[in-house]
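Novice: What follows is the residue order along each chain.
2 protein chains.
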Amino acid sequence: MSLTQISAAKAFGGWHKQFTHPSSSNHCDMRFAIYLPPQAEKQNVPVLYWLSGLTCTDENFMQKAGALRIAAELGLAIVAPDTSPRGDGVADDADGAYDFGLGAGFYINATQPPFSQHYHMYNYVVNELPELIEQHFPVTSQRAISGHSMGGHGALSIAFKNLSRYTSVSAFSPICHPIDCPWGQKAFNGYLGENQQDWLEYDSVELMKVAESSVPMLVDQGSDDNFLNQQLKPETLVEAAKMKNFPLTLRMQQGYDHSYFFISSFIEDHLRFHAKYL
Amino acid sequence: MSLTQISAAKAFGGWHKQFTHPSSSNHCDMRFAIYLPPQAEKQNVPVLYWLSGLTCTDENFMQKAGALRIAAELGLAIVAPDTSPRGDGVADDADGAYDFGLGAGFYINATQPPFSQHYHMYNYVVNELPELIEQHFPVTSQRAISGHSMGGHGALSIAFKNLSRYTSVSAFSPICHPIDCPWGQKAFNGYLGENQQDWLEYDSVELMKVAESSVPMLVDQGSDDNFLNQQLKPETLVEAAKMKNFPLTLRMQQGYDHSYFFISSFIEDHLRFHAKYL
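Protein chains in written order, with the numbering used here: chain A, 1 to 278; chain B, 1 to 278.
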């Protein structure tokens with residue numbers, strides 16, 4: 001599969017680059033960003049996959065999180081995919097809402113038309129993108145996964161569905177229990193249809209309940225996050241982890257909100273957490 | 001003068017906030033951002049003023065530079081003004097160009113109508129804004145100044161016109177000699193008129209040539225910056241500093257471009273540089 005480089009900028013001795021490529025999962029061109037730390041010039045490095053939240057592209061995390069400094073120190077590549085398929089002919093929310101359709105792929109494989117034609121972000125993130133990355137860049141097959149909000153849901157649910165593919169998972173303000181919150185219910189209903197049995201396979205709490213093992217998990221949540229009680233519900237994750245005796249560290253960060261000011265304040269801890277296991 | 005708070009987010013134990021206020025210099029509402037480090041809850045802290053480049057607002061630096069982490073460690077407030085007056089009735093470039101008018105105030109006091117009505121960014125940054133900051137926030141009257149590109153020109157020229165007001169100055173990829181480059185000539189012609197004598201008082205190289213003293217200066221420039229040779233001309237600054245025996249450290253950073261990936265890679269050095277003198 002061919003990659004088209006659309007930008008390159010040196011950062012902390014390494015390189016931030018953006019590429020587009022035709023996606024066999026999503027049947028459209030997809031854009032992603034990769035940060036290659038200076039160590040990648042001499043050896044293969046492990047990869048952290050970062051999944052962004054609603055409305056984001058590959059750019060938000062790379063530009064705002066302050067993560068590249070630490071990735072350069074630790075010798076860690078970071079890959080940030082877009083948050084949905086895009087382009088002419090890709091179905092969007094009928095009203096152009098921010099929480100469904102473009103910019104809101106929810107990291108699942110849609111089964112309902114018209115979304116089932118392009119919205120296969122789960123397959124894209126789990127299979128197609130890592131294959132592409134491991135083919136074209138100096139990386140090992142060691143992977144960690146992290147994300148924010150919708151991307152926190154993506155990271156946790158993908159990790160629990162693929163425990164052998166990721167050595168650790170972390171999240172900022174994840175949508176922990178999408179089948180029980182307005183964002184998740186709207187998305188799962190639209191992408192997967194009315195049968196709520198089908199929703200269970202993308203719900204981190206439900207997946208954890210039936211999992212036989214786990215990977216190390218770190219979650220940070222701001223106490224002053226406007227979405228905390230109605231959408232994010234971290235207590236459901238804590239309960240499930242406790243029930244299963246799985247290794248979850250959830251830190252309630254006093255006074256922090258849902259923004260990249262919050263993420264940037266604690267991203268160093270997350271990268272060092274993942275590096276321990278890579 | 002009254003301030004209206006429009007956002008607040010906790011970051012690295014301190015607070016990032018945005019305010020608007022009626023500006024007596026620019027005769028319109030102005031927006032600025034301030035980062036108050038955790039130390040500001042117990043004592044007054046010194047302030048770094050950051051001047052952004054063409055097309056930016058108060059947001060680019062605060063979100064992309066990765067500076068807040070270091071400011072929190074050093075106990076330094078950061079203030080980022082907008083790059084021009086804005087709003088209904090504020091004159092813009094006739095063709096809406098990115099390098100003149102809105103987003104391109106060049107930190108000077110315009111004398112040519114229609115720009116002379118609102119474009120007094122020099123007075124705003126040197127006098128009005130610090131007065132406001134020192135009145136409303138827990139800061140000392142110790143000030144440093146820095147900026148990028150057009151804002152690097154602003155920081156250097158303002159420092160040399162006000163040597164007693166700033167303890168140190170730094171810049172990333174500054175427009176060093178605006179009277180001798182296309183961006184500067186277009187701006188100075190439009191804001192100050194055809195008499196090139198009037199341009200001299202805002203040109204860092206010319207100001208340095210006639211200055212009787214200096215302050216510590218640190219400048220970083222990317223070697224792969226697309227604007228290096230035609231617009232930025234750091235060699236003119238080096239020559240002037242050498243001629244006057246002024247303390248300039250100019251670092252040519254191999255492979256870096258004009259972006260915030262470059263700024264974020266070296267902002268820590270700049271903040272530590274300023275902190276030495278504050």
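Source of the hints: derived by calculation from the structure; they are not laboratory data.
Any given hint might turn out to be false.
[Stated by the list, open to error] Now the stretches of chain B that chain A is said to cover, found in silico as 3 or more residues with beta-carbon under 8 Å:
| no. | segment |
| --- | --- |
| 1 | 10-24 |
| 2 | 43-50 |
| 3 | 143-152 |
[Claimed, not checked] In silico lysine to aspartate or glutamate, EDC-like type, Cα no more than 20 Å apart, as pairs:
| no. | chain 1 | residue 1 | chain 2 | residue 2 |
| --- | --- | --- | --- | --- |
| 4 | A | Lys17 | A | Glu73 |
| 5 | B | Lys17 | A | Asp224 |
| 6 | A | Lys17 | B | Asp224 |
| 7 | B | Lys161 | B | Asp198 |
| 8 | B | Lys161 | B | Glu128 |
| 9 | A | Lys242 | A | Glu268 |
Small disclaimer: the values here were computed from a predicted structure and weren't measured.
Cβ atoms here follow ideal geometry from the backbone N, Cα and C, with glycine treated the same way.
Novice: None of the hints should be skipped; say for each whether it holds.
Specialist: Verification of the supplied hints:
{"no.": "1", "hint": "10-24", "verdict": "holds (count 5)"}
{"no.": "2", "hint": "43-50", "verdict": "violated (count 0)"}
{"no.": "3", "hint": "143-152", "verdict": "violated (count 0)"}
{"no.": "4", "hint": "Lys17/A x Glu73/A", "verdict": "holds (18 Å)"}
{"no.": "5", "hint": "Lys17/B x Asp224/A", "verdict": "holds (15 Å)"}
{"no.": "6", "hint": "Lys17/A x Asp224/B", "verdict": "holds (15 Å)"}
{"no.": "7", "hint": "Lys161/B x Asp198/B", "verdict": "holds (14 Å)"}
{"no.": "8", "hint": "Lys161/B x Glu128/B", "verdict": "holds (16 Å)"}
{"no.": "9", "hint": "Lys242/A x Glu268/A", "verdict": "violated (26 Å)"}
Figure legend: structure checked against the earlier numbered hints; hints not met, in rising order: 2, 3, 9.
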